[in-house]
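Please arrange chain B on chain A, whose structure you already have, making use of the hints.
Quick mapping for you: the protein sequence lines, in order, are chains A and B.
For what it's worth, this note's numbering labels the leading residue of the first sequence as 30, then goes sequentially.
For what it's worth, this note's numbering labels the leading residue of the second sequence as 30, then goes sequentially.
Bear in mind the hints are in silico, worked out from the structure with no lab data behind them.
What you are looking at is a predicted structure, and each value in this text was computed from that prediction instead of being measured.
Just so you know, not all the hints are guaranteed correct.
No copy labels: a pair is met if it fits in one copy or bridges any two.
What the hints assert, rightly or not - Below are the DSS-like pairs computed for lysine-lysine, each with C-alpha atoms no more than 27 angstroms apart in a straight line: (1) 55 <-> 126; (2) 57 <-> 380; (3) 126 <-> 51; (4) 411 <-> 57; (5) 51 <-> 380; (6) 126 <-> 57.
Protein chains: 2
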Amino acid sequence: MVIHSEFLDALTPSSLRSITAKIRDKAKRGETVVSFAGGLPSPEFFPVDDLRRINEQILLEEGGEAIQYAASDGYDPLRMYLVEFMKRYQVTDISYKNILITSGAQQGLAYLAKGLVTPGSVVITENPSYPGALDTFRGYGAEVVGVKMDEDGMDMDELERALETHRNAAFIYTIADFQNPMGISMSVPRRKRLVELAEKYDTFVVEDGPYSLISFDGRVMPAIKSFDTYGRVIYSGSTSKTIAPGLRIGWLIADEESIQKLVYLKMRDDLQVNNMAQRQVLRYFRDCGFDEHLRQVTDVYRSRRDTMLRAVRESFPQGTRLVVPGGGLFLWAELPEGMDTLEMFDYVFQKNIAYVPGAFFCPDGSGRNAMRLNFSTSSEEKIARYIPILGEMICSFGGQKSAS
Amino acid sequence: MVIHSEFLDALTPSSLRSITAKIRDKAKRGETVVSFAGGLPSPEFFPVDDLRRINEQILLEEGGEAIQYAASDGYDPLRMYLVEFMKRYQVTDISYKNILITSGAQQGLAYLAKGLVTPGSVVITENPSYPGALDTFRGYGAEVVGVKMDEDGMDMDELERALETHRNAAFIYTIADFQNPMGISMSVPRRKRLVELAEKYDTFVVEDGPYSLISFDGRVMPAIKSFDTYGRVIYSGSTSKTIAPGLRIGWLIADEESIQKLVYLKMRDDLQVNNMAQRQVLRYFRDCGFDEHLRQVTDVYRSRRDTMLRAVRESFPQGTRLVVPGGGLFLWAELPEGMDTLEMFDYVFQKNIAYVPGAFFCPDGSGRNAMRLNFSTSSEEKIARYIPILGEMICSFGGQKSAS
Chain A
30 MVIHSEFLDA
40 LTPSSLRSIT
50 AKIRDKAKRG
60 ETVVSFAGGL
70 PSPEFFPVDD
80 LRRINEQILL
90 EEGGEAIQYA
100 ASDGYDPLRM
110 YLVEFMKRYQ
120 VTDISYKNIL
130 ITSGAQQGLA
140 YLAKGLVTPG
150 SVVITENPSY
160 PGALDTFRGY
170 GAEVVGVKMD
180 EDGMDMDELE
190 RALETHRNAA
200 FIYTIADFQN
210 PMGISMSVPR
220 RKRLVELAEK
230 YDTFVVEDGP
240 YSLISFDGRV
250 MPAIKSFDTY
260 GRVIYSGSTS
270 KTIAPGLRIG
280 WLIADEESIQ
290 KLVYLKMRDD
300 LQVNNMAQRQ
310 VLRYFRDCGF
320 DEHLRQVTDV
330 YRSRRDTMLR
340 AVRESFPQGT
350 RLVVPGGGLF
360 LWAELPEGMD
370 TLEMFDYVFQ
380 KNIAYVPGAF
390 FCPDGSGRNA
400 MRLNFSTSSE
410 EKIARYIPIL
420 GEMICSFGGQ
430 KSAS
Chain B
30 MVIHSEFLDA
40 LTPSSLRSIT
50 AKIRDKAKRG
60 ETVVSFAGGL
70 PSPEFFPVDD
80 LRRINEQILL
90 EEGGEAIQYA
100 ASDGYDPLRM
110 YLVEFMKRYQ
120 VTDISYKNIL
130 ITSGAQQGLA
140 YLAKGLVTPG
150 SVVITENPSY
160 PGALDTFRGY
170 GAEVVGVKMD
180 EDGMDMDELE
190 RALETHRNAA
200 FIYTIADFQN
210 PMGISMSVPR
220 RKRLVELAEK
230 YDTFVVEDGP
240 YSLISFDGRV
250 MPAIKSFDTY
260 GRVIYSGSTS
270 KTIAPGLRIG
280 WLIADEESIQ
290 KLVYLKMRDD
300 LQVNNMAQRQ
310 VLRYFRDCGF
320 DEHLRQVTDV
330 YRSRRDTMLR
340 AVRESFPQGT
350 RLVVPGGGLF
360 LWAELPEGMD
370 TLEMFDYVFQ
380 KNIAYVPGAF
390 FCPDGSGRNA
400 MRLNFSTSSE
410 EKIARYIPIL
420 GEMICSFGGQ
430 KSAS
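If we strip away everything but chain A, and leave its shape as in the complex, we get (with noise of 0.2 angstroms):
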């Protein structure tokens, strides 16, 4: 007998993590895959020494203590040192009951989706955004409404006519620094607007920041939150791209009345966060030499973002358009209007590449001609070496000529 129900049976399987048990599966079959499908920080830079002498220090120094049940909330001192941490986006109004201590970004981002959605409401995206959290948002009942981005990030005016027409929508969710999946940061004139927007629609800003640190020249824009006058702003904070995502811890920053709700319903949820995870992070930050960690990361996928632009402008086809990231771990490829990113999947994919069909990220059913191209994970050998043969399938399957 197998559970069932009207919510569990729309469930699919999450587009992104379809493409890593594919990846997978041929591991298993003893085939290695070239993957530019992932969301991955490099593991070759995870702090794993550092760890080993933390997780020796937590358990030496506070034993048993480290491995206990602990508060819903989260461990006090990381959200103290998360107070100070937020002062980088000029985000400084805030006490650590303003930040709850979630299990990875994305636990956040469903606890938003359960709170604020209801079958038939709406959340507000841009398109194209983090299939992630496109995925979440439908699971809990939200139509997802997309608006176009231009190189200043979503489009405000769009915006406002979705809200003029999408009265009920719960939340507008955005990516602000170096977007995923197209790179882009928003202006910080329309980071006001979009304030201005949310308070004059009765809605939220859920401001996701997972990208924000891994800046190419090194400037950390101010987060929207830091903007927010009117408590309109749900910033969304993450380890997993600047440390290791495995750790799974993510924050949530909020007025305190609503980080209140937020943990009752953590408690209902899953109790807390792993106590030594917590930890881990704490001492990491605070210990460990986290700003030049940091700069050394940032270093090297600025030089891989380098050899993934000229591989891809070498062995495209012509009228390929990309947009230069200022920052994160992608590259967004739009390929010439007719081709089909989701179709060519399989074809490049039996030569063990890999990479995200583009309409994984449109709301709107758009982006089949484009795809994103993860750089952050793969050695610029590796790049130089496997973007032009992904290329020539690109141009041998489209039947169209490469440019040069």
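Positioned in the frame of chain A, the structure of chain B alone reads:
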């Protein structure tokens, strides 16, 4: 602006966690509470030194892989190990694909509530039962209907009447072994009948087994799941009481297709469980003499139970009824009718002693004269010293006479 929705606004603090929070507040003011309220295992037996060694092994042998993104269904070697582990409960016909690793057992219960409860549907539980589960089922919109217990567990005739009345029961929730709070185990004939009733009334059994191995005579009962020829039983396992709760590792066992649906839910909700913790649990179960650890812990808990039984019998009011628990962490004491443990709580708490009022456990609002006392966390000395003080306060509050 505070986030709000019908769902969010209906959530209240989890009853158990509200006591924990009170205790933590006193601790911040430098006051130590003698808590018989916890559902805590005793941290002095947490395998801290084993974990130090395990952490080191994991990071040396597996490096960054141990903290990279990983599969949503769980770490396969742990899932495979749990197939062997479940043979303790006579659950023999499963493969690792029947197992989903969750962030603590609470998360598994929440997934089932989310997946199977719709507003207005009924969940049937023992009366009394674990408040954390009741809170979760209600949080997702269920009406909870309690079925009375006797020394053989849930009353099957009353259960059948409840199933007749509530034809839309989402599932029956039971803690069959050393039940929380009563310490009672369900007899084998009732386990068999429960499976038949689930089949007859087209519903599911959620079998929660966190205490099954904390058995004072060393015997482990066959799980209800082991009698399940219809696929009607979903088993929930936990490491919180046998290793350490802060690791947040639990698991659900169900047919493969049901597990797949729950994986889709997990992909949306938090992607995956902490990688390190899954590896810690596997290595601890497999390499660190888990059976010997278990024997030591249960020996200590048995002695503490005995000390508590003695102290309660000597100091609680005449007419107090006790069930002698054959395992688990708790003693359930029913004071004479008319005494009110909810009213009495603050009076006792001002003397820095805590328990859990019986009403928290009873879906029908009964249990006002009962309390749950935890014997696993406090030393025998502490139990022998503070239970008589508690007994005295109960007697003086109620104006009743102490026995003995």
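Here's how the hints hold up against the structure:
1. In this assembly of identical chains, residue 55 and residue 126 lie within 27 angstroms of each other by CA distance solely across copies; the values are 18 angstroms between and 46 angstroms within a copy.
2. For the identical chains of this complex, residue 57 and residue 380 are intra-copy neighbours only, at 16 angstroms inside a copy versus 60 angstroms across copies, given an alpha-carbon limit of 27 angstroms.
3. When the C-alpha separation of residue 126 and residue 51 is checked against a cutoff of 27 angstroms, the pair qualifies only between copies, where the shortest distance is 17 angstroms, while the shortest distance within a copy is 42 angstroms.
4. Proximity of residue 411 to residue 57 under the C-alpha cut-off of 27 angstroms is restricted to the intra-copy arrangement: shortest distance 21 angstroms within a copy versus 54 angstroms between copies.
5. Taking CA atoms no more than 27 angstroms apart as the test, residue 51 paired with residue 380 passes inside one copy only; the shortest distance there is 13 angstroms, against 60 angstroms between copies.
6. Proximity of residue 126 to residue 57 under the C-alpha cut-off of 27 angstroms is restricted to the inter-copy arrangement: shortest distance 15 angstroms between copies versus 45 angstroms within a copy.
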